[in-house]
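J.: Listed below, chain by chain, are the residues.
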Amino acid sequence: MDIRKVKKLIELMEESDLSEIEVKEGEDCVRISRQLGVQTPATPPTVVLPLETEKPAATPSAATSSRGQIVHAPMVGTFYQAPSPGSPPFFTVGDRIKVGDVLCIIESMKMLNQVKSEYAGTLEAVLVLNEQAVEFDQPLFTIV
Amino acid sequence: MDIRKVKKLIELMEESDLSEIEVKEGEDCVRISRQLGVQTPATPPTVVLPLETEKPAATPSAATSSRGQIVHAPMVGTFYQAPSPGSPPFFTVGDRIKVGDVLCIIESMKMLNQVKSEYAGTLEAVLVLNEQAVEFDQPLFTIV
Amino acid sequence: MRKVLIANRGEIALRIQRSCRELGIQTVAAYAAVDREQLHLKFADEIVCISKNDYLCSENLVSAALTTGCDAVHPGYGFLSENAEFCRLVEDNGLTYIGPTSEQIAEMGNKILARLAFSALGISPVPGSEEEIDNLHDAATLVSQIGYPVVVKAAFGGGGRGIRIVNDEAKLEGAFSAAKAEAAAVFGDGAVYIEKFLDDARHIEVQIFGDGKGAVIHFGTRECSIQRRQQKVIEEAPAPNISQSILDALCERAVAAVAAIGYRNAGTLEFLYQDGEFYFVEMNTRIQVEHPVTEAITGHDLLRLQIETADSNLSLTQNDIMFNGSAIECRINAEDDFYLPSPGLLTEVIFPGGVGVRVDSHIYAGYRVPHQFDSLVAKLIVWDRDRPRTLLKMKRALEEMTITGIETNKVKLQNILAHEKFREGKVNIRFLDQLTG
Amino acid sequence: MRKVLIANRGEIALRIQRSCRELGIQTVAAYAAVDREQLHLKFADEIVCISKNDYLCSENLVSAALTTGCDAVHPGYGFLSENAEFCRLVEDNGLTYIGPTSEQIAEMGNKILARLAFSALGISPVPGSEEEIDNLHDAATLVSQIGYPVVVKAAFGGGGRGIRIVNDEAKLEGAFSAAKAEAAAVFGDGAVYIEKFLDDARHIEVQIFGDGKGAVIHFGTRECSIQRRQQKVIEEAPAPNISQSILDALCERAVAAVAAIGYRNAGTLEFLYQDGEFYFVEMNTRIQVEHPVTEAITGHDLLRLQIETADSNLSLTQNDIMFNGSAIECRINAEDDFYLPSPGLLTEVIFPGGVGVRVDSHIYAGYRVPHQFDSLVAKLIVWDRDRPRTLLKMKRALEEMTITGIETNKVKLQNILAHEKFREGKVNIRFLDQLTG
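Heads up: the protein sequence lines correspond to chains A, B, C and D, in order. Using our numbering, read the first sequence as starting at 38 and increasing by one per residue. Using our numbering, read the second sequence as starting at 38 and increasing by one per residue. Using our numbering, read the third sequence as starting at 24 and increasing by one per residue. Using our numbering, read the fourth sequence as starting at 24 and increasing by one per residue.
It should be emphasised that the hints constitute simulated quantities derived from the structure, not laboratory data. All C-beta atoms in this analysis are idealised placements derived from N, C-alpha and C, irrespective of residue type, glycine included. Treat the hints with caution; some may be incorrect.
Stated by the list, open to error - Examples of chain D residues toward chain C, derived with CB under 10 Å: (1) 41; (2) 92; (3) 95; (4) 194; (5) 197; (6) 384; (7) 404.
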């Protein structure tokens, strides 16, 4: 499923008064729905189902939020998964996390800010790439 | 799945009163649904005929149209119910009307235009006042 | 003037409504039943349905004006705006026609007479016949004098109909008969004339204004060479890449000629410009779609001036008209990629705004564009201090223009704006047809 | 300049976006999560969420500029636009601040210092204290010199907070303490000063522009006397009913003073005008909400000029600034009849258009006006050749302004416009509060 096709479907939906579109192509399936009466045509519809979106890492967070905890970016800056260039990452997927563990560093105006975990559990996913710019509240990790 | 096909389906649906369309083509499947009864802000109110909304005099016509015939103004002008000032009206409510009877005069640019009945029956209602200006297609009489 | 009947629809009806309101004049909006949802009906003082789906019913329009107590009628553009009989009907019923006299409309409506009249006043028309050409022999004789290519035109034509371009002798007979037949069918008169076809010409026009008593002023030039099949798409003011002294001389000649015929109200002299010469084509005896670009560079409201001039003298002199900056208008049409009309329900309408941006439009989210009329849904006009800045602003404004539910020519407009020749102001009237095939 | 971070929201964010786009400069729109549906985000090159629901997070804004490769930051108005620390953070991170230097913001942010600075440059402030008044005894001494009524003001104040009017001695102690307490609470500094309260004054301001190297030009005057509780509601340019020579002299004095401090970028000197005298109140070191009325009478894009002047010299001289006609701005606020905010979903938005009408707004049908911010949803600016025509045009445009789903102050604006005193240009800054009680 091409992401542009999904985007087009969303546009079609926004232009209409539909509440749901579902498209299956062989193995692939997209279902797009929205609550009319609550949301308005101008508001973008909710996209459900895991599919590859433009920010590949960000979408799974929505899917896993019901069963895991999400760690969000507390500030805007550059995401580093390791304490220094060349070092191994603080944690990799599958590692055990304790409350207070440093999960990553966000650099903001030359300041290196540690992001600590508020949750204990297993690191299920890293949702952003190393050295990627992150915005406020962007999902960074899921911990289950 | 061609996106234009989905678009066409949505158009079909919008032109109809359907709440769901599902199309399967071998492996492929499209399902489109909407909640009817929920009115979206951007959609305009149902199209109503202008004459029925603005002009109080016209409203009875809508009510009686199912059981009578309506004579509409064929032109814009001033409505006269009598052949000359001071004369009795051509017809009053309850009178029998034959096809071709002159029902009223509409004055348009000093020209007096006779409006003749296309219907036979009983004059049920006069929907405009004498000497009132009438617009094109405005209901003038009902004949049952 | 106290109350005006607006005998038109769409953006120009709203435009008239706005100027009347600002002058404290009441309005009666005449509308066709299919047009009940038009924006200007919400703001008019009274509304009168005059037909099912047209604006050509002279009697109903005049009668609507009389029964509602109007003292004037504004015809807008298109429809009956250059119809001398309609104008005469308005006059005969004691109403003020906001425009020229019926005689002036009739004279300029006959393109052969108009060519002669302006030629006598020192404004050279495109080389060609001085009278109607009613047989093939005369046509051949004329062409032997002016040479191919030529164009055969309906004497009472307009809107690009009844026109045939002929490149060689073999095609003359067929084109001549076809033009005559179309002229008779469309305009009710088969009279045609023949002009030299100028193959690298620009369309330049001069906006003039007269008071009917010999006082005439001009509002400068417009360039309208971006046309598809004789329909203007993008217009600008002033005409670029021509020296100011040449344009000034053109305007002065136009003013002198129009003053000589005692012309009243707004009018436009259309010229073709090729090889440094201007050739008169015709005079439009009404306000034009593209008038806002002139308003943008002069700061004058031409509709207001039309109304003010209809029953009193011109309050302005030529010295009151100052020119400043550059303006471009894009016509936003409801049409698909193949130029086919795209009527329908508008789901989203967001117009661009900001400094120097004007949108004249009767559409809004929830409005249904009817299929019965012209496809123009909005005019986007931008102004800035010079042409390069105006081009950049138009690019920005077009990007913001959001109309969903129907298809529009937005992308086509963007492509024209991005074209090097347009940016350099080096186009002719064949540019767009050659670009799009 | 290649890429600008827009550190604001609403109509001014869209305004900045538009001018950047016309200059070919890329934009990064910083937005709070609740503001995701804003119009300018659709047109920005990149968007970055910087907070949940505010625009006061200096670090996130600067970090967003750095991580997206911006080379400049535009602060808009309100929020951090007059915050010297934010400006310094931008400067310290090697970014261009589109506005004055942090030192200039700091100096003018302290109203006591600003009064002294301009006084030294020959611009008389409203009579009052030359330094902070930190005890009741000094307050009483000063008042005995200048006489009641007086006004106690926060030194670092703004937006009408930390202000107390005192009519007699019995009220002085209470007002003094209250003003100090409010100043400390709202602005983090309890410093106050005392001015004579001018009870029949008009608010007149001068728009200036400097290049930071001593070159300064002015863009004439604005009248902003229509205020409710120190919040401007209707503004116009030029200030009416004051002779041009007096206004010219004011502008020249303002230019000389601002040149002496080497001021950079856009700034506004606010004056009170009473009994034929101008008294300096404060200087705003940012673009103002009402800047479009100045753009309308000069034809210059002040936002564009802000961007151009941020990293190069002024390209204009005073002779390039011509003044033409009259402009009025109405602020359309989402508020109910009792001035309470009226946030919510917009079901219908149809803006007025036509010649000389401009709407700057970020709203559209389907947009939800959030409750977290200022209630300004649109600025309606009209221009015409003279003030009477401009008033008529504003009346027409306001009638057309259609916003449903929330309540707005449209009727209140219409009432002000219809008021005889406003129409005659004979209002003072107490007019609206007296009108509405």
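J.: Among all the numbered hints in the text so far, which are the ones the structure does not match?
T.: Numbers 2, 3, 4 and 5 - these are the hints that the structure violates, sorted from lowest upward.
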